[in-house]
Amino acid sequence: MNKEELIEKVNTTLAEEFETDIEKLTPDANIKKTLELDSLSLVDMIALIDNEFGVKIANTELPKIQTFQALYDYLEANMK
Amino acid sequence: MKTVFRDAELFDLIPQRPPIVMVDLLQNVTDSGAETGLTIKEDNLFVHNGQMQEPGLIEHIAQSAAAFAGFKGYADGGQPRLGYIGEIKRLFVYARPCVGACLHTTLRVLGEAAGITLLAAEVKDGEALVAEGQMKIFLKED
Chain A
237 MNKEELIEKV NTTLAEEFET DIEKLTPDAN IKKTLELDSL SLVDMIALID NEFGVKIANT
297 ELPKIQTFQA LYDYLEANMK
Chain B
-15 MKTVFRDAEL FDLIPQRPPI VMVDLLQNVT DSGAETGLTI KEDNLFVHNG QMQEPGLIEH
45 IAQSAAAFAG FKGYADGGQP RLGYIGEIKR LFVYARPCVG ACLHTTLRVL GEAAGITLLA
105 AEVKDGEALV AEGQMKIFLK ED
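Which chain is which? The protein sequence lines are A and B, in order.
Take the numbering used here: the last position of the first sequence gets the number 316, and nothing is skipped along the way.
Take the numbering used here: the last position of the second sequence gets the number 126, and nothing is skipped along the way.
One or more hints might be untrue.
Stated by the list, open to error - Away from chain A, derived, C-beta distances all over 10 Å, residues of chain B: (1) Pro(-1); (2) Gln0; (3) Ala59; (4) Val83.
As the list claims (entries may be wrong) - A few chain A residues that face chain B, going by a derived Cβ cut-off under 8 Å, partial list only: (5) Asn295; (6) Glu297; (7) Leu298.
What the hints contain is simulated information worked out from the structure, not anything from laboratory work.
Glycine included, C-beta positions come from ideal geometry on N, C-alpha and C.
Using the sequences and the hints, build the whole thing.
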């Protein structure tokens, strides 16, 4: 999967799960605000990422992943 | 370290007390999950007409999650921490198990973030799947 395919799959997966307009998922957009995640639903995103991409986001890494671009980069660096 | 908890031993891990205790076994605990059990007795509060009702199965899943959460505090060398249920979702109940049934429940950690753990639970009576669902729990800070 190249970067463009990764971005498309991330956006499609997250937009569908959290019922958000996919057009709002831009690289610089804040993930929590865009997907309207609270502390309870944040763990849903972590589980979804693990299930769909096989990447576990550690608690220590989470604060660094604020934007979709940061998420794409993290997944690209950690996907096997 | 103790790794199997039965009956009253579980009182070290969960806040519930008889007659509302809905888990009587915790075993095979790992970072990614655990197994719990419950033998359904006739005097169980959630038994009606010889069958465990749906709220009893939900409570069993909840207390299984609480025992798992309590074990984490115990394993860290401290006192068990109280676990709260944040959400129950994707819950399906397929059958009402009868008195005498030994429920076997598998818990699997799906994700963790900001102190909240998302667990998947599968409750079986023998080989039959009785209920399944997901539950979010968080541990009370000391």
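The hints, checked one at a time:
{"no.": "1", "hint": "Pro(-1)", "in the structure": "21 Å, holds"}
{"no.": "2", "hint": "Gln0", "in the structure": "23 Å, holds"}
{"no.": "3", "hint": "Ala59", "in the structure": "17 Å, holds"}
{"no.": "4", "hint": "Val83", "in the structure": "35 Å, holds"}
{"no.": "5", "hint": "Asn295", "in the structure": "7 Å, holds"}
{"no.": "6", "hint": "Glu297", "in the structure": "10 Å, violated"}
{"no.": "7", "hint": "Leu298", "in the structure": "6 Å, holds"}
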